[in-house]
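Using the hints, position chain B against chain A.
Going down the list, the protein sequences come from chains A and B. Counting with this note's numbering, you get residues 1 to 426 for the letters of the first sequence. Counting with this note's numbering, you get residues 1 to 426 for the letters of the second sequence.
FYI, nobody ran anything at the bench for these hints, they're computed from the structure. Be a bit skeptical, because a hint or two may be false.
Identical copies carry no separate label here, and so any pair may be met within one copy or between two of them.
To be verified - DSSO-like mimics (lysine-lysine), calculated; alpha carbons at most 30 angstroms apart, straight line:
#: 1; residue 1: Lys85; residue 2: Lys71
#: 2; residue 1: Lys72; residue 2: Lys417
#: 3; residue 1: Lys85; residue 2: Lys417
#: 4; residue 1: Lys13; residue 2: Lys85
Number of protein chains: 2
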Amino acid sequence: MPNLRDLVAHTRKSSIELGLLSIDRRNQALVAIAHQLRTHQEQVLSANGADLALADDLAPALRHRLKLDEKKLQDMIKGLEDLAKLPDPLHHRTIHRQLDENLILQRISCPIGVLGVIFESRPDALVQIAALAIKSGNGAILKGGQEALHSCQILLSLIHQALTTVSIDPHCLELVTTRAEIMEILQMDDLIDLIIPRGSNEFVRYIQTHSRIPVIGHADGICHVFIDREVDREMAVQVTVDSKAQYPAACNAVETLLIHQDIAPEILPLVVQALRAHQVEVRGCSQCLQIVPDLVPATERDWAEEYLDLILAVKIVPSLQAAIDHINHYGSHHTDAILTSDPRSAQEFQQKVDSAGVYHNCSTRFADGFRYGFGAEVGISTQKIPPRGPVGLEGLVTYKYLLSGRGETVADYTMGKSFLHRDLPL
Amino acid sequence: MPNLRDLVAHTRKSSIELGLLSIDRRNQALVAIAHQLRTHQEQVLSANGADLALADDLAPALRHRLKLDEKKLQDMIKGLEDLAKLPDPLHHRTIHRQLDENLILQRISCPIGVLGVIFESRPDALVQIAALAIKSGNGAILKGGQEALHSCQILLSLIHQALTTVSIDPHCLELVTTRAEIMEILQMDDLIDLIIPRGSNEFVRYIQTHSRIPVIGHADGICHVFIDREVDREMAVQVTVDSKAQYPAACNAVETLLIHQDIAPEILPLVVQALRAHQVEVRGCSQCLQIVPDLVPATERDWAEEYLDLILAVKIVPSLQAAIDHINHYGSHHTDAILTSDPRSAQEFQQKVDSAGVYHNCSTRFADGFRYGFGAEVGISTQKIPPRGPVGLEGLVTYKYLLSGRGETVADYTMGKSFLHRDLPL
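Looking at chain A on its own, in the form it has when it is part of the complex:
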């Protein structure tokens, strides 16, 4: 085993070659990985079985994430094949401009370089992230959850075999297994270009304070649904239930429901009944308790809580603006929805709510790279600067400026010549 710095330096070197390959070669690699998974299902499931056997004290939700089965393997294979069909994210021209007659500026998309991706216990995340990295021409250092070690090792070994069969240096993707290695990697700002941590909020913050490398932070999801004064009752109940109960452990599940005071007496009992039918504990503000007295009383802390569980806080607000203010104050700028039949309310909400996703009449659970048609995602960024929201292929590329001339000097333009700045077709 070479030392860690040498290993990462090798990944960097082979990532440059990967970024120069044609899209056909990169897609071939994805198809080859799908083939390896298809022909080695038993080995994967057996390695995963070893992880599960060692992890018998794991909470049921985490165990569910760790466990692979034939269905999940089929989904992984289909995901690879679908990704191979998506357009190339590289070589897009986003600026094409004559600075002067013979001085042509182009801005062209290109790989970022080497990604450091730290993900949780889901072994299928490794395949998804590796596939996105290959498609976008990036190298990656991967670190999965310790409890998924055997699964990650067999999956990476199959990916390496697949890359070898299509003559791509397999070292463009490497797995590290310890926390100490990740801490070391956070200091390699000359070799790693972007860190993508997935996991708890505290963990993401830890990474942000301990590295100078840019971080795509996938942090809290404190999402809201606001039921406005005028709304289709049945739709409002259905979307609220879906946003909370369809998969409460997801970051895009709703944590706080806001209800306009004019409709609260009528709709709150319906919503509570439907949520309780899905085993959701409802916590209410004092106004809510006047309408449905047997709710759990909500406290100030509930408005800033990411339950990730079958719990929902409900607050009655006097106006659309009060709902917007509450969301911008307590929310995590992830995904928030308004349910309303008034298009002006919807427009104002979508303009003023400062979140990556601002929805009208649909479930917050749609905030996801697959559902947006990105093929897959490496995470959902709650930072303000791009990439914001679900990060797919497009979030894994950068660009460079190519300028071509015939010997132009800046001195000429300080002594009389002026720029043309004429845009050419992209």
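Then chain B, alone, in the frame of chain A:
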């Protein structure tokens, strides 16, 4: 004076209002600032005179940057008026997609929020940054060099007056004056969305390690020019001289010249002669010294040095690939140029050099927001992730995803319904 956190919170609040204003209102503000500058030239020059009087121990180059005169004021006014003519960076739709028949996804550009911009001794930078912030709908906390304090204070006060005349809350832009305040601001990750530090490399690194807020790092400019085997001699000499001597204190000035060994015996003497005519000290590798014996011998340290001065290191390399390797190893990924008449060399260089700007047959000094047609720039980013290179208006906006439906739930799509993912016209 309110406490700093209250001040920044007020800036945040008024930045939201700014971001909701029409482009006409934001442009009016720019024109109003231009008007204030035009009618208060004497006060500005007098405040600047006070700064200059206190700074008589300043190095000549810094004094030159600090000093305002009528020409610089005219440039500032023209810059504001030009910026007002540029298209609105907000409300651009970059994704428009039917996820399903009635479920429509849009990605729309919007302001980032509040910027923290730390700039050096040039008072005109304050006006430029303030103008870019207003145009892009962002609030900003500004911190200029201590030696420019009086100049910055009068300029900000004129900007505040201008904003008041067009009924925009002036507190969307604030000036802080001490280093202690900046240190406090670096911790306000709930109020500040992006830090843009301009200054020394050490300073940028310090900011990156002391804040969880994303940073657009404007760091070293170790730029290269490579003279290839086949090249127009006269053009090569002119572009090299311009890249070095036209303004050596700029980050886009060349620091190392690489020359293909086949052409070195012929071109090196010409380049040295021309550079010396511009008072440039030339430091050469051992091969260079065999051709021009009276060069200062270059050492390993010279290849990683940002002189920002009339000094140039020269190295002879055996091949195009050796030049690319040298640049990717020692460079700062800022701007690098190849001078060649061979289009294949140019293409390979532009593909393989991993820098924000990769040029062919023109001066590295073109790397600049004004010259690219961005209207102005807040800095040049040497990070790999976007915004990379000169950061203008487009680098000061982010986006949000708006999803509008008719009550769609995710549960429906896990039970049979499938996504359409059909792109609509932008």
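Against which earlier hints does the structure fall short, listed by number upward?
Violated hints: none at all, because every hint is consistent with the structure.
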